[in-house]
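**Q** As a plain string of letters, each chain reads:
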Amino acid sequence: MIRRILLALCLLAAIPAVVSAQTLRIALREDADLLDPTLARTYVGRIVFAGLCDKLFDLNEKLEIVPQLATGYEWADPVTLIIHLREGVTFHDGEVLDAAAVKYTLERHLTMPGSFRRSEIASIDHVEIVDPATVKITLKAPSSPLLSQLTDRAGMILPPKATEAAGKNFSQAPVCSGPFRFVERVAQDRIVLERYPGYWDAGNIHFDRVIYQPMPDSAVQLANLRSGTIDLAERVLPTDIAQVKADPKLRIVTSPALGYEAITFNVGNGELAKAPIGQSKLLRQAFEAAIDRQALVDVVFNGMYTPNAQAVSPASPFYIASVPPPPRDLAKAKALIKESGVPTPITVRMNVPNTPDRAQEAEVIQSMVQEAGFDVKINLIEFAASLQAATRGEFQSYLIGWSGRPDPDGNLFQFLATGAGQNDGHYSDAVVDKELKAARESVDPVARRGHYETALHQLRDDLPLIYLQSPVNVVGMSAKLTGFQPVPDGMIRLRGLATAK
Amino acid sequence: MRGHLGGRIAQIIPTLLLVSVLVFCLQQLMPGDPAMVLAGEERGDPRVLAQIRAELWLDRSLPVQYLHWMGNVLRGDLGYSWRIRQPVLSLIETKLPVTLQLGAMAFGFAVAIGVPAGIVAAVQRNRFWDYLANAIGLAGLSTPTFWLGIMLILLVSVNLGWLPPSGYVPLTEDWRQSLATTIMPAFVLGNAIAAILMRHTRAAMLTALDQDYVRTARAKGLRETRVVLWHALRNALIPVVTLGALELGTLLSGAVLTEQVFSIPGFGKMIVDAVFNRDYPVVQGVVLVTAFLYVALNLVADILYVVINPRLRGS
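Going down the list, the protein sequences come from chains A and B. At the far end of the first sequence sits residue 501, using the working numbering, and the numbering has no gaps. At the far end of the second sequence sits residue 816, using the working numbering, and the numbering has no gaps.
If you are wondering where the hints come from, they were derived from the structure by calculation, not from laboratory data. Note that beta-carbon positions come from the ideal geometry of N, C-alpha and C, so glycine has one too. There could be a bad hint or two in this list.
[What the hints assert, rightly or not] Residues of chain A clear of chain B, computed beta-carbon distances all greater than 10 Å:
(1) Pro-113
(2) Ala-162
(3) Arg-209
(4) Val-220
(5) Asn-224
(6) Lys-274
(7) Gly-373
(8) Thr-391
(9) Arg-460
[What the hints assert, rightly or not] Label-pair ranges, simulated between beta-carbon atoms:
(10) B:Pro-532 to A:Glu-107: 33 to 39 Å
(11) B:Leu-518 to A:Val-96: 53 to 59 Å
(12) B:Ala-551 to A:Gln-279: 29 to 35 Å
(13) B:Ala-605 to A:Gln-172: 42 to 48 Å
So here's chain B without its partners, still in its complex pose:
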């Protein structure tokens, strides 16, 4: 097990290196010259363009640019935003907690809705509650985040006046206001993932409920709730945990839209703005940190398997 984990950790470094090269090269394929974007309405002046290119190392060859950037990254310096001249690292430090808070709350919503709904649907297979859960799940999957967000703002903020439509404040500053401004976006973001979780929990539970050990548990005379929640669910959760880790991608890409709708100053909003403004250092920094998070979370999922399923401990 320890060796397995060690191997997984060792894989992280080449993965991140590959990601860094990829994102660096892919950016070059993007049409649009960053110097021209930065020059704004002065883009017609070749002197201005040359000056910007020289300042940002854009007049060097691609490998030189990459090595220069990578060298700085290894020293813990992700560079500074070309557009607003703030260090990328400090931008990430301020934005990441925001998206993590939003993501955690969204995931909370997803689990709180998706897993119980999946269990009920499996236990009540092909009956009213199953159909209802499926219908709600399908609706959740097919509702665009953007549309749901705007509708909620119109209903809850504009018509009912219950929650503010924007104006995020950090948890540490005023937790009540922070929750008030993030509860709607978290629900919107969690909604799509809840639907996916529901469907997977249902499928995994159906398989688990058909297993011999469940029949044995029932035969022993255990109460049905204990059979379902203790014996079946524990095994059914393994694929669900993997899925949870993989859904981080959905969460982050969903955050891009949700943060835009609710004006939340998080990771998603930052990367969209950076791409449109060709603010390469920000894009590179954000992608690198996201890739790291993604890999790290999958590692956590691996560890969780073992915790949930003791049979894997020997392997």
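One chain only, chain A, in its complex shape:
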């Protein structure tokens, strides 16, 4: 009998008890912008929304689309999407979440002045209420990326009454249907949320409060994490990982991210496109051949990131494994330069946003390609100024990244299609345009993959962008935290997250 009791006690001690009634403090790398899903633009804003607003769908660790506020969906035909809603869900003000709220929210995204969701869901023609738990979305043309857009801000449903009443000031006191409701916001200091007792999955919520604190400096963030002032820090720098790992009170969780880091070349935007590197694909191929991606990752990112030669992350099912990043080949680089007939040294001006890691990355690239005959002139430039320069064509090459989207369309179309919004280098190719459009309009994953592969081969030849590596989401947290879900989108999901004692 005593042995049994002892055994039971040992077992009890071994099972970490999940303790409620606590505050979770999360450090963000910058302050969020407007807390209104229709108007919000920033990555950190999305992290706050992960606590505040549920979405029709969510992503899991494998990047599969799983239901959240929806319980399921089906395509009645390629332009008709039927979504079935979870019943019994209420907003933070008690209003019931139903098909009318979904219709209201999607229409708000589509029509509100200043909406940043409009371009994401522009394929929607109209939304109809079938019954309180079913909506029918009719598209203008088939669009496979739509579902993945509904796993982000476009899929966050708002209460019609409270939203109408608040008007443009909705972001000052947002009302949503997520696990936590809004308490207060002190600009640049904190955003405080408290547990919403009426949440549909309340059993999976183990904190009473969540406080998001912006801490832009990585050293400051690290010191706060180590002293226990914060419980979790997003986007820990690769160079800080060793310190976090050395601390027994902390741990690191990584997941492959959706974005990429790349060099964009100006191949057709204004005068500066006339530089040899913009005009000759042979030179761009030589430039790539002179870069050692693995060494770049090892030196600048502590070996944490993954060398990559395509826009899609290796975490994505659309990653084309048959196109691995080529190794460095200096002889090939020199031969290509010779073939191009351009005399060396070939000057290449590179705009680089002035963050320490990007500056270092540019310097490593500079020394690598110098051996092939390129003279890279680094122009360190403040981020906002670099964006303007890019749009105006005031660059020959531009070292810049993209945070990434779960659907490959979000990493490709707007950067490479002719005339697309962020196609700063004004690249234009008929094959790429055709394949990207076909992939966008197909709902068959196998066919889409085929289109992306064809486009990739063309892009590998033209090299309007040289993709360098795919980053990794690095989250540092107290070793006591359990239940963290490392999803490649980098969001901090609060369902299931708890403190073990």
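Use these hints to put chain B onto chain A, whose structure you have.
**A** Using the frame of chain A, we list chain B on its own:
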């Protein structure tokens, strides 16, 4: 004296007007289109950009934009933050007390360290204490605020666990916690100014100690402490007070870094974020209020001269 003060006050208005025009024009010279920053990842969509420009009056001419803003300012409306849509005035109202508290504490540290150190250095001229004070002063001047802040956090917060590295709370909410979270940043911020104050106090005291009235005071048989603290120091303090007022600039620019290191939601952090996000109304509002404070503080310094030195009263 009254006329002099009146004149000084009258100067404030054109000064502030000039500052407002300057900051408005300088912002336009900054590279980077605010509409593009606000558009974020939608910056490639011309419709989005046009919409933002129209909403924020960015599609009007510069003089029209300025007059529109100035008209609102004169009515007490500093506009709203483009990024987070909160009124600039209420942002300033919440941030200013934080930086004032930090600044006052920092200045307290600076005076408590700098002035006595300067006096000791002057009295002990070219002796051990003078050299020591100079060495410490030089170290204080040449230590970057940023580095000192991080080092203190690592030592006091991470290793010793005595004080929290961040998590500011207002004085009115919990004064103990408020002091606990501001004492380190105030020390860091005060440190550089203490060094400057020390060097100026020392120089002014050396001059004062050589004056005839000091010799007379000593000849009268006064105790040395009274000679130093009453006769010499009072005269030596005049340049120090001016310097104190001028150091407000150092204090505010230092606050930019210190607030960043200690995550204190003050003025400095606000302006840095606003500049990087091209949040013009916030930048303009903050600069205008800072300029006003600067001018006002110099006026206070002028008044203090007269209080300290009665000879100026006739002028």
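**Q** Using Cβ atoms and 10 Å as the threshold, tell me whether A:Pro-113 really stays out of contact range of chain B.
**A** Violated: least Cβ distance 6 Å, not greater than 10 Å.
**Q** Evaluate the condition: distance from the CB of A:Arg-460 to the nearest CB of chain B exceeds 10 Å.
**A** 24 Å, holds
**Q** Taking the Cβ atom of B:Ala-551 and the Cβ atom of A:Gln-279, is their distance within the range 29 to 35 Å?
**A** Holds, at about 32 Å.
**Q** Can we confirm that no CB of chain B comes within 10 Å of the CB of A:Val-220?
**A** The claim is violated: A:Val-220 sits with its nearest Cβ about 6 Å from chain B, within 10 Å.
**Q** Please confirm whether A:Lys-274 is truly not at the interface, meaning its C-beta sits more than 10 Å away from all C-beta atoms of chain B.
**A** Holds: least Cβ distance 22 Å, greater than 10 Å.
**Q** Please verify that the nearest CB of chain B lies beyond 10 Å from A:Ala-162's CB.
**A** The claim holds: A:Ala-162 sits with its nearest Cβ about 17 Å from chain B, beyond 10 Å.
**Q** Given a hinted range of 33 to 39 Å, is it respected by the beta-carbon distance of B:Pro-532 and A:Glu-107?
**A** 38 Å, holds
**Q** The hint says 53 to 59 Å between B:Leu-518 and A:Val-96; measuring C-beta to C-beta, is that right?
**A** 55 Å, holds
**Q** Report holds if the minimum CB distance from A:Thr-391 to chain B is greater than 10 Å, and violated otherwise.
**A** Not fine: 7 Å to the nearest Cβ puts A:Thr-391 too close to chain B.
**Q** Could you tell me whether the CB distance from B:Ala-605 to A:Gln-172 stays inside 42 to 48 Å?
**A** 31 Å Cβ-Cβ, so the 42 to 48 Å window is violated.
**Q** Hey, does A:Gly-373 actually stay past 10 Å from chain B on C-beta?
**A** With a cut-off of 10 Å, A:Gly-373 remains clear of chain B, as the shortest Cβ separation is near 31 Å.
**Q** If I take the minimum Cβ distance from A:Arg-209 to any residue of chain B, is it greater than 10 Å?
**A** Label holds. Min Cβ-Cβ 14 Å, cutoff 10 Å.
This entry does not satisfy hints 1, 4, 5, 8 and 13, going by the numbered hints stated previously.
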